[in-house]
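Dock chain B with the ligands against chain A, hints included.
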Amino acid sequence: MMDSRSALLEMRDVSVTVRGAGGEVPVLREVALDVGRGELVGVVGETGAGKSFTARAVLGLLPHGARRISGSVVFDGTELDTPRAYANLRGTRMGFVPQNPRLSLDPVFTVGSQLVAVIRRGRRMSRTHARKRGVALLTGLGVHEPERVMRSYAHQLSGGLCQRVCIAIALANDPELVIADEPTTGLDVTVQRQILDLLRSQLVRDGRGGLLITHDLGVIATWCDRVAVMYAGRVVAIGPVADVLREGHPYAHGLKGIAVALEQGVEPVAIPGTVPTPGDRIEGCAFAPRCAVATDLCRADDPAPRPYGDQLVRCHHPVADAQLPAVGHPTRSEEVEV
Amino acid sequence: MPGDPAKIFAGSQATDTAIAAIRAQFGFDKPLGVQYLDYLAGLARGDLGTSVRTGHGVLDDLTGRFPATIELILAALIVALAIGVPLGVAAGASARRGVERFARGVSTLGVSIPEFWLGLLLIVVFYSSLDIAPAPVGRLDIGVPAPDGVTGLITVDALLAGDLEVLGNAAGHLLLPALALGLPAAAPIIRLSAEATASLLRSDHLFYTRAIGTPPHVVYLKHVLRNIAPIVTTMTALIFGFLVGGAVVVEEVFAWPGVGLYAIDSLHYNDYAAVQGFVLLAAAVYILLFLAVDLVNTYLDPRKRLT
Ligand SMILES: Nc1ncnc2c1ncn2[C@@H]1O[C@H](COP(=O)(O)OP(=O)(O)OP(=O)(O)O)[C@@H](O)[C@H]1O
Ligand code: SF4
Ligand SMILES: [Mg+2]
Chain A
151 MMDSRSALLE MRDVSVTVRG AGGEVPVLRE VALDVGRGEL VGVVGETGAG
201 KSFTARAVLG LLPHGARRIS GSVVFDGTEL DTPRAYANLR GTRMGFVPQN
251 PRLSLDPVFT VGSQLVAVIR RGRRMSRTHA RKRGVALLTG LGVHEPERVM
301 RSYAHQLSGG LCQRVCIAIA LANDPELVIA DEPTTGLDVT VQRQILDLLR
351 SQLVRDGRGG LLITHDLGVI ATWCDRVAVM YAGRVVAIGP VADVLREGHP
401 YAHGLKGIAV ALEQGVEPVA IPGTVPTPGD RIEGCAFAPR CAVATDLCRA
451 DDPAPRPYGD QLVRCHHPVA DAQLPAVGHP TRSEEVEV
Chain B
258 MPGDPAKIFA GSQATDTAIA AIRAQFGFDK PLGVQYLDYL AGLARGDLGT
308 SVRTGHGVLD DLTGRFPATI ELILAALIVA LAIGVPLGVA AGASARRGVE
358 RFARGVSTLG VSIPEFWLGL LLIVVFYSSL DIAPAPVGRL DIGVPAPDGV
408 TGLITVDALL AGDLEVLGNA AGHLLLPALA LGLPAAAPII RLSAEATASL
458 LRSDHLFYTR AIGTPPHVVY LKHVLRNIAP IVTTMTALIF GFLVGGAVVV
508 EEVFAWPGVG LYAIDSLHYN DYAAVQGFVL LAAAVYILLF LAVDLVNTYL
558 DPRKRLT
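Which chain is which? The protein sequence lines are A and B, in order.
Sequential numbering of the first sequence, starting at 151, is according to our numbering.
Sequential numbering of the second sequence, starting at 258, is according to our numbering.
Keep in mind that the hints are not guaranteed to be accurate.
The following label-pair restraints were derived from C-beta to C-beta distances [what the hints assert, rightly or not]:
(1) T320/B x R169/A: 51 to 59 Å
(2) E452/B x A171/A: 15 to 23 Å
(3) S222/A x R361/B: 34 to 42 Å
(4) Y543/B x G172/A: 34 to 42 Å
(5) E433/A x L495/B: 51 to 59 Å
(6) A420/A x Y543/B: 58 to 66 Å
(7) T197/A x P473/B: 29 to 37 Å
(8) G429/A x S386/B: 39 to 47 Å
(9) S263/A x D388/B: 33 to 41 Å
Note that these hints are calculated values from the structure, not bench results.
Where a beta carbon is used, it is the ideal one built from N, C-alpha and C, also for glycine.
This is chain A alone, in the form it adopts within the complex (with noise of 0.2 Å):
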């Protein structure tokens, strides 16, 4: 069988495509990732980067006229190329958070009907005996009167309770790996470090992960080990987070710039340009009309994935901290010149 110590989640050049107006539009273009037991792997990007993409592409959930065309997903050994490879293995072994989760919840039954349903399709018990559970899991991501909490429909309840609930269904069957879009989005500080704190907490460990997708570097810096950056479909730089975040690739850079600006209560200096939409026709690098750095290579020829210290990023001309242009630094914005 497979080594314990190889990856818990693999995707290899992934590309996806949706039915556009004008015909078949890539969303996701080779995207490559992997998650390690025992790791938290952040994804970060512009929104309409195909984060929620990637997502639904490990779980095998395309929506309605997209397609993958190429690349695998490769979950503990097995590749997941079928729906049959799926069969037992999403809300079991594999959890789920969603990005709106007030939305995600079926309107029509009561949240707790559908945290039981999950908890006793991981192992049989009586209904009875599965709301205890549930009781016990909402008790212990901090929810208040959780018997109330199960009775209610999710219209009912606030974002945030509805957030909790999601993370008690992802979390019940203590899956293996843990898919997280956005899990912390209209949460309180306190409340957002009170959850991600509890997902690492339960993912760091006995060869479990993660996948926490998140507009926030500030999350991915505290709470990840590893973070891939997405842009127009692609991640173009993985690594583990210092490094991502310190040198590298240039979008990671300006990402880094805007995050700390925000830290800093300042108004951060966007990145110039506008990020590209699917359909959009790209030559070269996606990244060239915005970058600071970019020459005529870049704008003719689209790089391929290069290791750069412990990273993998996609750029012809990666570079060290000191030699990038603060873009979207404020403290050095004067320098931002092209």
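This is chain B with the ligands only, laid out in the frame that chain A set:
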């Protein structure tokens, strides 16, 4: 309505005095406005007037025939839902174009086939040619006694009485008219439930339901059906009007002794009171139905409940 009901009632041989007497008996000699006020006054007392054709109170006539029509419409509804909902869900869920096209074809066909034509076709095929259906006359074979029962729906009463022979006979008679009425009604159900299912499958919560490992059969049988239930209920009320109209035609084709046949016969007789009674009944049933749908939907959709 043209024509003089009193003349028709009296027959072609009747003398003028006889006709005048009939006019006076039914109040046709009074001015129209007065006739109308009389009718309203009667209505307030629960009196729908007297049928010139049967000579009975219209209310009694209608109550006697109503169960037959209800039985036909309910059976047609069951046919329409049993065919329409699964086909619609399958069409809405299928990523393959073929299934969707098939459902679209079926539903276009359904909308464009008139009930009387379908009724005749069914009679020609299953009675005249194959001889596996009973003669298209009435609700039971001649000589088979109708069961005593509270509902007046022969199939239900027979079932409650445990009389399988009568049940089989009644069901045999019911089948073709129910198909003639129900198959065209399946068309709008297919289309609407296909649309509802397709948009549901694009929703966040159906994606989430699958993402947390709900097996496909539970996704469809529990989550999809339960989520489209309010739409199906509303749809049922909407096609009810369609079914009442269709029932008039189908009852005539199958000599089904319901209020639709009564209305048609009364129409031929210029039996105003009877026709008006039928229209009122249909309207009343319609209003009650919409109230019921509101109640049911409040139950089916927790977001509408006040808690
Ligand atoms: N059902 C769909 N059909 C076609 N295109 C879609 C569909 N859903 C999303 N897209 C497009 O695919 C791209 C990637 O979307 P995705 O949801 O993965 O982005 P994301 O990185 O999760 O963004 P966000 O941070 O806003 O959640 C976006 O440009 C989006 O407009
Ligand atoms: S490849 Fe060129 S354009 Fe693209 S990020 Fe690297 S330097 Fe910038
Ligand atoms: Mg997203």
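Checked hints:
1. T320/B x R169/A: 51 to 59 Å: holds (57 Å)
2. E452/B x A171/A: 15 to 23 Å: holds (21 Å)
3. S222/A x R361/B: 34 to 42 Å: Check passed, 36 Å falls within 34 to 42 Å.
4. Y543/B x G172/A: 34 to 42 Å: Taking Cβ atoms as reference, Y543/B and G172/A lie about 48 Å apart, which means the hint is violated.
5. E433/A x L495/B: 51 to 59 Å: Holds, at about 54 Å.
6. A420/A x Y543/B: 58 to 66 Å: holds (60 Å)
7. T197/A x P473/B: 29 to 37 Å: This hint holds: roughly 31 Å between Cβ atoms.
8. G429/A x S386/B: 39 to 47 Å: Given about 58 Å between the Cβ atoms, the range is violated.
9. S263/A x D388/B: 33 to 41 Å: violated (52 Å)
In summary, the numbered hints that this structure violates are 4, 8 and 9.
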